[in-house]
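Participant: For the sequence shown, counting from 1, position 107 maps to 107 in UniProt numbering; every step adds exactly one.
Treat the hints as calculated values from the structure; they're not laboratory data.
You may find that some hints are simply not true.
[What the hints assert, rightly or not] Computed Cβ-Cβ distance ranges for the label pairs, DEER-style:
| no. | residue 1 | residue 2 | range |
| --- | --- | --- | --- |
| 1 | L42 | A9 | 41 to 51 angstroms |
| 2 | L42 | G138 | 13 to 23 angstroms |
| 3 | P88 | Q52 | 21 to 31 angstroms |
| 4 | G38 | A6 | 44 to 54 angstroms |
| 5 | T33 | A6 | 37 to 47 angstroms |
| 6 | M12 | G38 | 16 to 26 angstroms |
In this text the structure is predicted, and so the values were computed from the model without any measurement.
Yeah, the Cβ is synthetic: ideal placement off N, Cα and C, and Gly gets one too.
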Amino acid sequence: MFTTSAAIAFKMILLVTAFLCNIIFGEMLVFQTVVMPGIAKLDDGEFLRAFQAIDGVIQANEPVFVSTWIGSVLFIVVAAICGVVWSPLVGNADGVLEESWQAIGLLVAALAWLVCQWSTLRFNIPRNNRVKALNIAGMKSGEKVVERTYFEATWNKWHLFRTVLFGMVALYLLVLLLIIN
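With the hints as extra help, turn the sequences into a complete structure.
Facilitator: Now the structure itself:
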């Protein structure tokens, strides 16, 4: 195993990656287990308004959330690239990662993280934007039911998908940190 500056740099990159990815997983888990079940108990108009308020904070580019989210994407990609470059996969027998599976795992983790970004952009954000645009106070009861029905089941399904993937990646990163230290 490297004891050089490359090894130190990689371990720092991996540590920051694991930190950021675990924060994002934690946020998604709280949404999955607390926020959405909590607001699900509200009537249709209250549910839509609550989601508008919550999503309004996120879409107003709350700096800690945005920095953590974007940072997790950037760092996991960098970690995967470094993991491959400094691994036996490219003939680096004295690499930072001793086993090829560790680098392959990082590549799979980065791909899974990017799939979560895709599902967020493809399924969750368009529904968020639709709810954001609603004038809930001016809507009839039936319209609120229609909007909530359109939003809730699909949003929750894709949120569960990304929460599970985020969790698997977060766990892999922690295990890899333990193995290489």
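Participant: Between the beta carbons of M12 and G38, is the distance compatible with 16 to 26 angstroms?
Facilitator: violated, 38 angstroms
Participant: When you take the CB atoms of T33 and A6, is the distance between them in 37 to 47 angstroms?
Facilitator: holds, 39 angstroms
Participant: In this structure, is the beta-carbon distance linking L42 and A9 contained in 41 to 51 angstroms?
Facilitator: About 48 angstroms separates the Cβ atoms of L42 and A9, which means 41 to 51 angstroms holds.
Participant: Could you tell me whether the CB distance from G38 to A6 stays inside 44 to 54 angstroms?
Facilitator: Check passed, 46 angstroms falls within 44 to 54 angstroms.
Participant: Just tell me: holds or violated, for the beta carbon distance of P88 and Q52 against 21 to 31 angstroms?
Facilitator: violated, 51 angstroms
Participant: Tell me if the beta carbons of L42 and G138 are separated by a distance inside 13 to 23 angstroms.
Facilitator: holds, 18 angstroms
Of the numbered hints given earlier, the model fails hints 3 and 6; all others are met.
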